[in-house]
Amino acid sequence: MSSYTPHPLEVRVVSRRFDQPKARTLAGYLESDGFKALDKALALTPDAIIDEVKKSGLRGRGGAGFPTGLKWSFVPKQSAREKYVLCNADESEPGTCKDRLILEYDPFAIIEGMLIAGLAIGARRGYIYIRGEYRYLIDIMEAALKEARDAGYVGTNIRGKGFDFDIHAHTGAGAYECGEESALMESLEGKRGIPRLKPPFPAVAGFMGGPTVINNVETLASVPPIIINGGDWFAAFGPPKNGGTRLFCLSGHVNNQGVFELPLGFPLRRLIDDLGGGMRHGAKLKALVPGGSSTPLLPADIAWDLALDYDSVAKTGSFLGSGGVVVVDENTCMVKFALRIMQFYRHESCGWCVPCREGTNWLQLSLTRFHNGGGRDGDIETLREVSENILGRTFCALGDAAAMPTLSILKHWRQEFEDHLNGKPCPFGAKTSVAVSAH
Amino acid sequence: MADTPAKPLINLTVNGRAITAPPGTLLIEACKQAHIEVPSFCYYPNLSLQAACRMCLVEIEKMPKLQTACTVVVSEGMVVRSETEQVHRARKSAVEFILTNHPLDCPVCDAGGECELQDMTFKYGAEKSRFVEPKRHRDEQQWSPLIYFDRPRCILCYRCVRACGEGMDVWALGVANRGVNSTIIPNHEDHLECEECGNCVDICPVGALTAGPYRYKTRPWEMTHVGAVCTYCGDGCKTTLGVRNDTILRADNRDKSGINGDFLCVKGRYGVDFTQHPERLKQPLARGVGGSAELKPVSWSYALGTIAKRWLEIQKAGGSFGVVGSTRSLNEEAYTLQKFARRVLGTNNIDHHRSADYPALFDALGGREGQPVPLAPAEALKAGGPVLLIGGNPTDEHPLLAWNLRWGYRLNKTRLYILNRDDIKLRRQAYRYAKVGDEAAAVRFLNGTGAASASLTGVGEASEKRWPQTPPSTVETVNESLQEFRARLRQEKDVIIVFGSEISGDAIRELVAFGSGLEGTTRYIAMSDNANSHGAADMGLYPDLLPGYTPLSERSKFEALWGGPIPAEPGMDWNQMRAALQQQNLCTLYVSGANPFRNTPVAPESLKQTFLVVQDLFLTETAQCADVVLPALSGYEKAGTLTNTCGEVQVQKRGGGFEGAKSDLEILYLLADAMGAEWGAASPDRVLQEIRTAVKGYGVSLAKLLSGESVMTAPLNGRVPHRTAPELLLPNRDTLFTAGTLGRYSVVLNSVMERHLKKEAAAE
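Protein sequences, first through last, are from chains A and B. The first sequence runs contiguously to residue 439 in the numbering used here. The second sequence runs contiguously to residue 764 in the numbering used here.
Any given hint could be a false lead.
Stated by the list, open to error - Reference excerpt, derived from the structure (chain A facing chain B, CB under 8 Å, subset only): (1) ALA300; (2) ILE302; (3) TRP304; (4) ARG346; (5) THR382; (6) ASN389; (7) LEU410; (8) LYS411; (9) HIS412.
Unchecked claim - In silico BS3-like pairs for lysine-lysine, Cα to Cα no more than 27 Å straight-line: (10) A/LYS198 <-> B/LYS425; (11) B/LYS413 <-> A/LYS191; (12) B/LYS135 <-> A/LYS198; (13) A/LYS315 <-> B/LYS7; (14) B/LYS128 <-> A/LYS198; (15) A/LYS411 <-> A/LYS424; (16) A/LYS411 <-> B/LYS7; (17) B/LYS135 <-> A/LYS424; (18) B/LYS92 <-> B/LYS62; (19) A/LYS241 <-> B/LYS92; (20) B/LYS65 <-> A/LYS241; (21) B/LYS92 <-> B/LYS123; (22) B/LYS425 <-> A/LYS191; (23) A/LYS36 <-> A/LYS161; (24) B/LYS92 <-> A/LYS198; (25) A/LYS198 <-> B/LYS123; (26) B/LYS128 <-> A/LYS411; (27) A/LYS411 <-> B/LYS92; (28) A/LYS315 <-> B/LYS413.
These aren't lab readings, by the way, just hints derived from the structure by calculation. Computed from a prediction, not measured in an experiment: that's the story for all the values here. For each residue, glycine too, the CB sits at the ideal point set by N, CA and C.
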């Protein structure tokens, strides 16, 4: 469909086939080392596969960053119920647009990653849950699955090794919450997309009550190169405990937005300047969203010296999250930015628990009024306290995801809120470039 | 069930206090047992866990965030703090969040004064609201004749959804939309099609779900609340009557203390309006006043005098008497009625509307002399032991038994075996379900005395177990043979056998023979239709049996007690009395709280020679033929005791009153007085005392009874020689929305039924 030109500074592991349109067919994929990892894994014991993944230091690329090998090792060896491998392709985090590239440019890598995960945990069935808005990718995925199935890479007795594993693609219906693993399972089971109580965790009782491994698209696509080249090879790309490369989605006020695969620990400054072509219109950096809209924003002074790996970002009080790096320049009204974020979370809150359902609504209404000049003394404190009352008290992490960026904005850019108080018009006026929708 | 050694208790500390709880207990329950309050909205005992309201957040050591006490299971050494500043803040904010979109219309809300959100706000809420944004308003919706939904008041605790789905197995309520637009919705776009039980209304912590017949009628504090027993079916549910100015305005189970716990069905909850029906009889009626052939209002003294005069004349002339008693009157009244018949009128011609063959059951169980008869209380169906259900349709006819069976299945893994000619709803909880042509034949087969004939080889089905995630929708046919059904049943221990009127006479003997062969103690529940059907049988409303199924040959005990002779020969049962009526051979018939002419009509012209006295609430088919009609009080308007279908006695308390009518007991005493018997004043307490000493099985603890508990009657084994007449068993075959005579006079039940009939008609 679309063409892809890699940036010379990229370290291409997951994205290595993105510029090879042929690899989107089974024949091309096979020419490009396709299913070699599967053949290798078929000769390994499940424990050996898991050990290799553990060695790679691969951590979940969906946002939470949980070590993948460890997650796989939690699945019980023996189970009365069927086990499952789920691929979370419900990519919905604002600022994140990497999984769609893998789905579009290298669909067989996801299939191969799932097959290897299936071998590792002893599952015979997998589902790819694709975000509803990615309708065109479902067609690509289904076509890839058909090819793989016809050629005996998916189905029964795969590669003549007695390994049975079938994969189905399934569409979501436009709910951010269904990217939460247990809500995804509810949705996949045909129910309302609300999160489940944990424990039990998916590794024990997940999809259809069976032990389940659920991984992000990028995580699964990282598995075949790890199996081929070894865990140590992958781990060597990044700093300790932050193995490998990952896809960073650079957006916002830079000249060259895009998805770039870089080793973990890559300096933010270089991401903006070298890959992003510098700040747009030469404006100054004001704020940075390091890993998708759910992560606390960092002010420029902290952001500039940031190394993009899990532990370095965590030290600043934020998260590497889903790899969605959003650059915010000095001309942006942070009140409006907070409002835009809250519109999203209010719209996407599943409504199951009280603080998230009512809190996001309250914050959105307050911020709207605030940004329109209706803010009054005490409102800033109320915004902060309402956010704090959401934080840590909700059923799932969506509440935190709404509260954390809001709190960080209130903390670092409080003055901008003060500047809106008591009927004062937005100091940024029309300059600001945050889209705020009407709903 | 097998005895399992008690597991050691878990030790934990809450607010510095050491407490213990059995393993597996939820923290919120452990705290409750220790009288430490942890507030909650969405948590509801025995329903699935939600963790949605976030009211029950507590601090637990070694856990970074506040935890919901409703989902955490106690563990050894757990240290919990529920009264710290952090916890208080969390509670306060949860209330604050809930109130952001909750209208403050408490002054007109039905729930005002008994609203959990009000209480929580009072106790945990902020003194001031910081939410200054506009609240959402949505118009109120009527979902059914009974159920109204006021969406802004809803706090989304999902209790109604679970009560309807998990509790009732109806699954008519759900959640639509997401986020702040989430809302509870009915199963048919803008309305509900359900069993109309109203459990959703009762379980609603706020005034979001309200009941049509009650809404905007009163404030809860203007009523007195009387813990009464429902007068509809034989299950004997406790119902709390809300009474204002001697008028019953509502019935619910808010008090939850009865045998029914959380449960009430549509009849118990909304059928009470029959007490205020405009056709209710307010004064006695008599024919022949001023030469009129019509029934005309007369005074009590005229009516009673007329009756006594005629009866004394008939007695003098040696004429025949017939008496039909009630299956809704209280035990004291039934006992007194048969005593009146036998001692004052001098006849054994007495019967009642039979719907279970109790004499046959007690006779069949009579083998173990001196042992209590193994009857099972309703509660036993919840415990998880195996149950064999034969015939009947508990969902419609015995809603509490059905509720308990579902409970046992859902929470305690009851293995329910069903033999039925129809696809009854409970098959969804069945472990083995056999559709048979004839339940009695199936029982003979179970007992090995009948072959698997054509009528037996029905479809064997086992329902797919999918609770609690989805309502069972598909039934997988497994073609289980009846042999397999029987083989599995024979491996069970301590089975409870519940059976309907399909099983009577010899079939009961066969059933008991089969049950006796099973391991452990087999217990029985014979399903009978009305509020005191079991009591009427126990109290001796039989032509050949005295109270406690005492044969007439042993009448001397009662003769001594009642100070005079009792006729020695068995009297006529209803069929014989009816035949006598038709042959113009019965001089007088006294019908007390029954309507025999509805199901077994008698040609009016054949009644010309019979002096017919009827006492009832309404001018029923039978009362319309009467010479004298006496207005009676309903079961909610008098005090005494009732015995439910399982044999559990409970106290009935006087809820409302009704001017002009008298209780059956009072009428009997007045008639006795007019007939010259010196009985003194009517006193239910004194009669109960006599029942406790004279009726086998009724030596129940007064203390327990009066404290509102149900007490199992324990009749002792012994043969019950009796005249079997299975043709006398005439079950009501009530549906969910009908209940014999009373239901016909409930405007509410009729409105619900009409709507359902219309719906069915439209579907066809």
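Results for each hint:
{"no.": "1", "hint": "ALA300", "result": "30 Å, violated"}
{"no.": "2", "hint": "ILE302", "result": "24 Å, violated"}
{"no.": "3", "hint": "TRP304", "result": "31 Å, violated"}
{"no.": "4", "hint": "ARG346", "result": "6 Å, holds"}
{"no.": "5", "hint": "THR382", "result": "5 Å, holds"}
{"no.": "6", "hint": "ASN389", "result": "4 Å, holds"}
{"no.": "7", "hint": "LEU410", "result": "16 Å, violated"}
{"no.": "8", "hint": "LYS411", "result": "19 Å, violated"}
{"no.": "9", "hint": "HIS412", "result": "24 Å, violated"}
{"no.": "10", "hint": "A/LYS198 <-> B/LYS425", "result": "33 Å, violated"}
{"no.": "11", "hint": "B/LYS413 <-> A/LYS191", "result": "25 Å, holds"}
{"no.": "12", "hint": "B/LYS135 <-> A/LYS198", "result": "33 Å, violated"}
{"no.": "13", "hint": "A/LYS315 <-> B/LYS7", "result": "46 Å, violated"}
{"no.": "14", "hint": "B/LYS128 <-> A/LYS198", "result": "35 Å, violated"}
{"no.": "15", "hint": "A/LYS411 <-> A/LYS424", "result": "20 Å, holds"}
{"no.": "16", "hint": "A/LYS411 <-> B/LYS7", "result": "52 Å, violated"}
{"no.": "17", "hint": "B/LYS135 <-> A/LYS424", "result": "25 Å, holds"}
{"no.": "18", "hint": "B/LYS92 <-> B/LYS62", "result": "24 Å, holds"}
{"no.": "19", "hint": "A/LYS241 <-> B/LYS92", "result": "41 Å, violated"}
{"no.": "20", "hint": "B/LYS65 <-> A/LYS241", "result": "26 Å, holds"}
{"no.": "21", "hint": "B/LYS92 <-> B/LYS123", "result": "9 Å, holds"}
{"no.": "22", "hint": "B/LYS425 <-> A/LYS191", "result": "24 Å, holds"}
{"no.": "23", "hint": "A/LYS36 <-> A/LYS161", "result": "14 Å, holds"}
{"no.": "24", "hint": "B/LYS92 <-> A/LYS198", "result": "25 Å, holds"}
{"no.": "25", "hint": "A/LYS198 <-> B/LYS123", "result": "30 Å, violated"}
{"no.": "26", "hint": "B/LYS128 <-> A/LYS411", "result": "26 Å, holds"}
{"no.": "27", "hint": "A/LYS411 <-> B/LYS92", "result": "24 Å, holds"}
{"no.": "28", "hint": "A/LYS315 <-> B/LYS413", "result": "51 Å, violated"}
Of the numbered hints stated above, those contradicted by the structure are hints 1, 2, 3, 7, 8, 9, 10, 12, 13, 14, 16, 19, 25 and 28, listed in ascending order.
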